[in-house]
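A.B. asks: This is what each chain is made of:
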Amino acid sequence: MDDKTGDKEGITRRGFLGMASLWAVILSSLTLLAGIFRMSKADVYYEKSRRFKIGRPENFPVGTVKKLDDKRVFIFSDNDGLYAVSSVCTHLGCIVNAVDWGFQCPCHGSKFNRDGRVISGPAPRNLPWFKISRHVDGSLVVDAGREIRTGTKFRV
Amino acid sequence: MNRSGMDKFKENLKNIRASFAASLLRTKRPISGRSRAAVMLNNFFLHIQGVRTNINTLRPSYTFGLGLVSLFLLFFTTISGILLMIYYSPSTGEAYNTVKDITYVVFAGSLMRNVHKWAGEGMIIFVMLHMARVFYTGSYSRPREFNWLVGIMLLILTFVLNLSGYMLPWDQLSYWALVIVSNIIQSSKELTDALGITPYFDIGGMAKEFFLGGTVPGKATLIRVYFLHIMLLPILLFIFLGVHFWRIRKDGGLSRPAGSAEKSVFSWPDLLRAETAVFMLCLAGVLVYSFYVDAPLREMANPLIPENPAKAPWYFLGLQEMVSYSAFMGGIVAPGLAILGLALIPYLDREDGHAGIWFSGRQGKITALQSMFAGAAVLAGLLAFVIRFGWFRNWWPDVPQILIIMVNPAGIWVAFVALWSLRVIKKTGSTRMGAIALFTMFLVGYVMLTYVGTELRGPNWEFYWLKSQWPMH
Chain A
53 MDDKTGDKEG ITRRGFLGMA SLWAVILSSL TLLAGIFRMS KADVYYEKSR RFKIGRPENF
113 PVGTVKKLDD KRVFIFSDND GLYAVSSVCT HLGCIVNAVD WGFQCPCHGS KFNRDGRVIS
173 GPAPRNLPWF KISRHVDGSL VVDAGREIRT GTKFRV
Chain B
634 MNRSGMDKFK ENLKNIRASF AASLLRTKRP ISGRSRAAVM LNNFFLHIQG VRTNINTLRP
694 SYTFGLGLVS LFLLFFTTIS GILLMIYYSP STGEAYNTVK DITYVVFAGS LMRNVHKWAG
754 EGMIIFVMLH MARVFYTGSY SRPREFNWLV GIMLLILTFV LNLSGYMLPW DQLSYWALVI
814 VSNIIQSSKE LTDALGITPY FDIGGMAKEF FLGGTVPGKA TLIRVYFLHI MLLPILLFIF
874 LGVHFWRIRK DGGLSRPAGS AEKSVFSWPD LLRAETAVFM LCLAGVLVYS FYVDAPLREM
934 ANPLIPENPA KAPWYFLGLQ EMVSYSAFMG GIVAPGLAIL GLALIPYLDR EDGHAGIWFS
994 GRQGKITALQ SMFAGAAVLA GLLAFVIRFG WFRNWWPDVP QILIIMVNPA GIWVAFVALW
1054 SLRVIKKTGS TRMGAIALFT MFLVGYVMLT YVGTELRGPN WEFYWLKSQW PMH
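Sequences listed follow chains A and B, in order. The working numbering applies: residue 53 is where the first sequence begins, and numbers increase by one. The working numbering applies: residue 634 is where the second sequence begins, and numbers increase by one.
Check each hint, because a few of them may be wrong.
Beta-carbon label-pair distances, calculated as ranges [unchecked claim]:
#	chain 1	residue 1	chain 2	residue 2	range
1	A	ARG177	B	ARG882	45 to 55 Å
2	A	GLY87	B	SER665	28 to 38 Å
3	A	ARG177	B	ALA1051	28 to 38 Å
4	A	LEU82	B	GLU895	24 to 34 Å
5	B	GLU932	A	ASP195	51 to 61 Å
6	A	ASP132	B	ILE1035	30 to 40 Å
7	B	ALA1051	A	PHE89	52 to 62 Å
8	A	SER172	B	ARG931	27 to 37 Å
9	B	VAL738	A	LEU85	50 to 60 Å
10	A	ARG177	B	MET839	53 to 63 Å
11	B	LEU916	A	ASN165	48 to 58 Å
12	A	THR83	B	SER665	52 to 62 Å
13	B	ASP884	A	LEU82	24 to 34 Å
14	A	SER172	B	GLY885	49 to 59 Å
Just so you know, these hints were derived from the structure itself, not from any lab. Bear in mind that the values here come from a model prediction, so they are computed numbers and not experimental data. Beta carbons are placed, not taken as given, at the ideal position from N, Cα and C, and that holds for glycine.
All chains, please: the whole structure from these sequences, using the hints.
C.D. replies: Have a look at this one:
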């Protein structure tokens, strides 16, 4: 049981085994902890799909501004085509309102222009635009999980 | 022989009160010094406290009973909370209705809910006042540094418990506070976005999903918050509380001026009498307040219509005010630095001899007053400037977000507090004075930002002097 390792180079067998078992305890505890944290994330969320149909293009004549409340998205239609802009403020997730010059967030006063670009307020980024595509049955599909570059409009 | 057996029985029956009391207290009536010591030592609930108490501890103007008040408020929230659990159901469909039932249908339900709410929010005020008392009397200095840290943990737990409770009624206030809080949790995304690494390393998004149990607030979230509120956080709170009390004893009781008279009295009855008095005042205060003031309950949560203004609970509105400049800086960095600064105080100020004296004497009083006025003036100026002229995004819409993260009112305020405290250390040559400056400005910042967020912010987070000036809609 003498611990006079100071004058010896390297590490004793006893010391090595002691450190090895200590690290085994630490590593297995951390793994366990990681498993516990992983457990809190389910493999499936029972949430609504982020891809949804919005109906046929004929329902969106040029000049349309439609707020789909439950989908949290605005659908616009102009001469260049259709586009979907998120209605969720990029700051803290409130729902923005459409006003004549663009969008206004009620929570912390972020303002966006008609393209969803930040004009003022704390919002760190522009309102995302979402991918629009056409389903085989002819209706339009918005994928709120896929952002596209601002200004990309869907030509019908 | 029969007769004397009956005699014994009768005698025992007559003495039942005394013999039960003796078995309960494990001692005779506490009238002599010896039995008064014994009653404190031999009782499970009393042995947490010393047999004798220093008279300085009993001076009302030294402690104001603030720690005790926090403890008793915790008792009231615990008891009323257990009672509320009889009816409450943490499902998004039922939660609101059960809270409504508690408020309108259950006997004394409204009173219990009010007690739970106000005692809980009272804890925030009294825990902070207790912290201020401990700080300004220099009670964090050796050997009490670690208990100061435990106290900060208790403060954080008090905040988080209040916040999680706020979300349970699942009304509009709960829902939109939840949205705001979950996005503050996510706000390091602002930084990763600015650096362009979000697609590879989205720590903000991961934290938000961990908290919400999904990508949007819903069923999983409510269960999670409920579990935190009634299980995990209370367990942590009571563990830390146990350590807090144990350390008070181990660190030699409450702090007192060095060299003060070591005069002490028996804890039974003097200390217990004082504690009972505080308990009765607390109980009366909470009951009277809860009788007259009702806890709010709005319409049921509606994910489609945000409240305008959507506000977090009042104790987080200072944070929300800072968040309205930059979510990451105001929501994570600034409060993180504030907590870190508070936690480091006893390790960066190692001066002895200040314990037990309010403000450490005249110089400390002057430092505290100067810091209060300087802090209030600078913060008011800063807020007035931002409210009047806006910030970078209003002047140059295309300014990179990283610049706003680095330079914004919340960051400027934190930097000012740090620099001012360092200047005080340099000028006075005392780290204790620097600590007083830091802590005073922390309190000033908390109070002022909370006031602005609560009273001066209206719809669209715009500035109004009075709520009556808010536009109708």
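A.B. asks: Are the hints correct? Go through all of them and say.
C.D. replies: Consistency of the hints with the structure:
Here the CB-CB span from ARG177(A) to ARG882(B) is close to 53 Å, well matched to the stated 45 to 55 Å. Remark: the range hint 28 to 38 Å for GLY87(A) to SER665(B) is contradicted by a beta-carbon distance near 59 Å. Here the CB-CB span from ARG177(A) to ALA1051(B) is close to 29 Å, well matched to the stated 28 to 38 Å. Against the hinted window of 24 to 34 Å, the Cβ-Cβ separation of LEU82(A) and GLU895(B) comes to about 49 Å, which falls outside the hint.
Take GLU932(B) and ASP195(A): their Cβ atoms lie about 32 Å apart, and the range 51 to 61 Å is violated. Look at ASP132(A) against ILE1035(B): about 32 Å separates their beta carbons, and that is inside 30 to 40 Å. In this structure, ALA1051(B) and PHE89(A) break the distance hint of 52 to 62 Å, their C-beta atoms being roughly 34 Å apart. Range check, SER172(A) to ARG931(B): Cβ separation about 29 Å, and the 27 to 37 Å hint holds.
Restraint check, VAL738(B) to LEU85(A): a C-beta distance of roughly 44 Å breaks the suggested window 50 to 60 Å. The hinted window of 53 to 63 Å between ARG177(A) and MET839(B) is violated, with their beta carbons roughly 19 Å apart. About 57 Å separates the C-beta atoms of LEU916(B) and ASN165(A), a value consistent with the hinted range of 48 to 58 Å. Taking 52 to 62 Å as the suggested C-beta distance range, the pair THR83(A) and SER665(B) conforms, at roughly 59 Å.
A hinted range of 24 to 34 Å holds for the C-beta pair ASP884(B) and LEU82(A), which are about 33 Å apart. Range check, SER172(A) to GLY885(B): Cβ separation about 56 Å, and the 49 to 59 Å hint holds.
The structure is inconsistent with the numbered hints 2, 4, 5, 7, 9 and 10, although it conforms to all the rest.
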